[in-house]
Amino acid sequence: MTTESIARTIRDASAARTPLRVCGRSTWLDAGRPVRAKQTLSLQGDNGVVSYVPGDLTLTVRAGTSLAEIERATAEHDQWLPLDPYGSSDGTIGATVSTASAGPLASGFGLPRDLVLGMEFVSGRGEVIRCGGKVVKNVAGFDLTRLLTGSWGTLGVITEVTLRLYARPKVDRTFVVKLSGNGRDAAFLGGFLAARLGPFAFEVFSATAVRLLGLGDRAVCLIRFGGNEAGVAGQLAALTALATPEEVDANLWTRVRQLERDADCVIRISGPPSAFADGLDDILGDDIPSTMTWMSPVRGLVRLVVRKSSGPNAVSDVIIGNESGGDHSGHVICEKLPTEVWRQVPSAVSDPLSQRIKRVFDSNDLLNPGILG
Amino acid sequence: MTAINTRDPLPPDGMPGCALPGTALAGVLPGINACVHCGFCLQACPTYLNLEDENDSPRGRIFLMRSLLEGTISPDDQSVHEHIDRCLGCRACEPVCPSGVPYGQLLEATRATLLESRRIPHVARLILAVFARPWALRPAMFFSRILAATPIPTLMSGMRGRIGFAMAMLASTGRSIERSPYRASGTGERGTVASLRGCVMEGLFTQTNRATERVLTMNDYTVVEARGQQCCGALHAHAGDLETARKLARRNIAAFDGSGASFVAVNAAGCGAAMKEYGHLLRDDAEWHERAESFSARVRDVSELLAAAGPKPGGSMPITVTYDAPCHLQHAQRITQAPYAVLAAIPGLELIPLHDSDQCCGSAGIYNLIEPETSDAVLAPKLANIRAAGAPFVATGNPGCLMQIGAGLVRDGIGARSIHPVDLLDASYAALGQ
Amino acid sequence: MQKPPVAERLADIVGEKHVLSRQSELLVYNSDGLPGYRRQPRLAVFPGTREETIKVVRVLAADGLPFVPRGAGTGLSGGALADDVVLLGLHRLKKIISLDVANMRATVEPGVVNLRLNRHVAPHGLLYAPDPSSEAACTIGGNVAENAGGPHCLKYGVTLNHVLAITALLPDGEVVELGSATGERDGYDLRGAFIGSEGCFGVALDVTVKLTPRPETVRTLLADFMSVDEAARVTSAVIASGIVPAALEFMDGPTIRVVEDSVYAAGYPRDAEAILLIELDGLRAGVDADLETVRAICLGGGARAVKVAKDDAERMKLWQGRKKAFGAMGRLAPHLIVQDAVIPRTQLPAILKRIHAISEKYGVVVCNVFHAGDGNLHPNIAYSADDPAESERVHKAMTEIMTACIEVGGSITGEHGVGLDKMGYMESIFTANSLNAMCELRGAFDPDRRSNPGKVVPIHSCREWHGVASARAPRPLSAEPSHPAVA
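Chains as they are written, first to last, in my numbering: chain A, 11 to 383; chain B, -16 to 417; chain C, 22 to 508.
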């Protein structure tokens, strides 16, 4: 499959006014609002490395390339793309960038918007557009790359992406710190953040999640340190001064990414990190069976996952409970919800400016109609 | 790679189609050309920070100068005069300029050139005329000194406007530090020094001049007198009256050369800066240029001479002091550490850091009398910082700053007085004998 | 009844002394940091508060008047030039609105100077990471407009990576929130689109930035080389080693010597043909180990000596020399051309050879001082614009250098922006479709294209405007010098 054939498909669909459901490997189709489209445009077959010069630490791939393929290609040169969205590595880079999905490593390496250097996409009019570039620093022209990242395919179909890579750390270790649940946890959290150790990842899990991970039945912190040997030893020493860490296998992170496999409700609640530190006991104490909570204190993010067994009412309760939740000044971002609940959630792109932008790139509402409301 | 040759400076009037050939401004074109318009000077400029218009910034004024030469602005355009007049001449832009633009020289040349199309304002003309004439200066200062000794300035310092502020300035000169007489002695082996008495210093800060002679003696300098010396001409040069400035410079060079002293000691930063630039001032004077260069090379701020000698520690003096750096010391002469060395020689003295000590106080020669509004705007944060520092003494080594800050302190009723560092050291030496 | 002239209505909002309409007072606003370009504004207005800014923009919108936003005027692409339109100076909006130490963020007005923000947050052990060389003068609003970088962006990222939210005033007077100051949000990344829009999407009324903890340890290393090629190869080797230095800067011989002649003399070896300034930061233990690795790479790659700054004072001195190098070029010749190309980092040795060959071919001296770690070149040529033959050689040489950078897959600007200066190169790196898409995106923010007209994307690339543009017969692009002289 080529960009030109994708562009042709879109032009044909445009001529016929046939809305398209854009997808990669279709592993994350349950995310986002229901899409009003019958025809599917899959980029699954459009995969592979376009160019990779390890010395430049940049990689250009077709959008249908899976994260696992990228992992393999870069590992040969001791490099990696530090992007670990929830789900599995079978997902494509196109889908990851389109949905701006990120996982625990975002605490250390940033979001997709920080890792994408340039892209090629096809607009709703079937025009091939290239933006950004293949170099690590670039301010030429208006930033369509950021605009497309996280636009859920509603502005264009991403066909190719250039990414910033990092060298794999010499040492990469993961530690678990069991929380006491007796009110001292906030102090540990504050102390750890204040120590500014720069972890690759730092997540705090509620008891329900911990049980699924097989780490006991009390809330825990998972901390990932990477770098040279001396550096990680220094980080560990500083952590040991604050708590009693136990080392665990790094494969644990793969299990973390799969925690929400059979969830039918995933929402993120963002806010200033201090608000979560203050409410830590409440957040972790909210130990409802079948509802997992974990947070990324560095990002100021709580992830709430309701598993399928719990039925639709639990989902509604969680959403409504969080929207009326006191003085919380952040945002609720819904990833997966049962169809009937989506209707209660206001769209994030209903403002006039977003609507004008949508009209520029996809005036006929051809691409993933309805996915963002 | 090809070796780089620093280009020869453009010949005077080297600009194609120069609108003002033969003027002082055309003569400094190479300095104007050195400006690459990077803007690094903006945040260093007190008038830009207060007035928030680039016409009142170094980069903007240089652009105005260039425009005058290009002929895109006429020299009798009122706004150019306004913006050039408003420059404090503090030269805070010079030490931050990567390209080394000699801003002070450009300013003087511009003022000299503009002077031809307009007269200096009345107040300024009167002051400058008095300063250039010893026969007028002495009685004027005598009258001021008498006045300063009476309660009149303090009473009138509450008045609004220029008179009120002038009176506050006078009132501030009457306030120094108590000290008992002592006999200064030293080996004299550091060489001979003739000190500039100066017009304002000798007129209003007579005791600082005497203190200067005593502390130099205490630090093993031999103090000699330079007869026939006059006002240094800095105020005239800043105002653009370069002819008078040159006249005064020649007389001073002759007077100090006649004294045979190895160093010329100056306790007024503004005067020191001007005298260190006599070489530039007289660059086109075939007869005097070389003499001026060698004279300038011998000029030292008093703090430099003292720091070179230690200075010797004095007697204990438990006082709290904060230090304000005069622009013409730190920017024009690039002297920042020596005054601290002088204060450090006083046992018991506690130094409180002054926030934004390096910012101009708005005195700038006679600026506070001719541009009172801007001067006041620049002074306000300085006074606030002094109030916050809470020290009863503000040490600063320039008469303009001593009076400007002193006047502000009197007017705003802040319980602190401005004082020359040399007076503090002198008091400390006086305390030795007790 | 007729409306009073716009200058009067603006003066009613901001006060008379903050509206300039006399030609002689507008002259100094003819240029930004690249004075080879001069454009005379018709009027300049400097609002002092957010409310005044909104009112001013609404008056301009009501009259359909185009305007050009300007911060400190330190930009190097001619981006803040107003050609017979209104200049909207935002430098008076200089309040730091709030500082949230616990959450490491600050909200500031657009006129706050980058270095002042850094001084403000330093006592709390924090810093604002993007550090353009003009940090002592440039404003945060300008940084947002240009998506400014700086030496330390190698590790910490550019402005884009450090701005959480922007309250933007669209050219029609509408106020919109882009991004979020309180946490991540969904929807289109409008903040990302606005950053780097060079004033074409409107103006920022406030900007919420992310602050970064001061690293525990900072080590700055100065390696000097007798050959440019060796220094270039060492740069590539350090990047390839996987160590991410906080900064990795390159200065060649002519630059070293001009800096050493200035007030910012840093003690660089005057006889070296190239130096690398490499900074490592983080936790002490890790930094020390990386320092040894980098030192070994330098020495193994031909460095004559490697010196590590012994204290903060020495470190600052090494940095001041680097940061003021551009300004110091004024010492060489009255005019200067500055470029800002970016190349893939493995191409560095080849490109520097190419630049050398081009400089010999045209008999010009190129001073190279740049962010080597990012592959962000700044070739500068000092010359006299009064000599037409020299000017022509210089401009030809620069065009050839830019073409060489584009050929190896580079970009025409890494941090200075396109502005007026690099518009002529836009078509050599973007297709007609891409340029048109940029045009149309701009249209979503500014349908009448009144904010900073005539910048970034050549007007003839905008399909919608094609007919209109040709009817108006604008000055053809070729009339612009492709490289201006910086006087």
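Any given hint could turn out to be false.
Unchecked claim - Simulated coverage check for chain B against chain C, where a stretch passes if three residues somewhere in it have a Cβ under 8 Å from a Cβ of chain C: (1) 9 to 22; (2) 350 to 362.
Claimed, not checked - Quick list of the computed label-pair ranges, beta carbon to beta carbon: (3) B:Glu333 <-> C:Leu320: 48 to 54 Å; (4) C:Arg140 <-> A:Asp288: 36 to 42 Å; (5) C:Gly194 <-> A:Arg82: 25 to 31 Å; (6) A:Ser98 <-> C:Glu335: 49 to 55 Å.
What the hints assert, rightly or not - Just a sample of chain A residues kept apart from chain C, beta carbon distances all over 12 Å, derived: (7) Arg46; (8) Leu252; (9) Ile279; (10) Gln354; (11) Arg366.
Source of the hints: derived by calculation from the structure; they are not laboratory data.
We put the CB at the ideal spot given by N, CA and C, even for glycine.
So, going through the hints one by one against the coordinates:
1. 9 to 22: holds (count 7)
2. 350 to 362: With 0 residues close enough to chain C, the hint is violated.
3. B:Glu333 <-> C:Leu320: 48 to 54 Å: At 49 Å between Cβs, range holds.
4. C:Arg140 <-> A:Asp288: 36 to 42 Å: 30 Å, violated
5. C:Gly194 <-> A:Arg82: 25 to 31 Å: The hint (25 to 31 Å, Cβ to Cβ) is violated, given that Gly194 (chain C) and Arg82 (chain A) are roughly 53 Å apart.
6. A:Ser98 <-> C:Glu335: 49 to 55 Å: With a Cβ separation near 51 Å, Ser98 (chain A) and Glu335 (chain C) satisfy 49 to 55 Å, so the hint holds.
7. Arg46: 19 Å, holds
8. Leu252: 15 Å, holds
9. Ile279: 8 Å, violated
10. Gln354: 16 Å, holds
11. Arg366: Not fine: 4 Å to the nearest Cβ puts Arg366 (chain A) too close to chain C.
Violated hints for the displayed structure, listed by number in ascending order: 2, 4, 5, 9 and 11.
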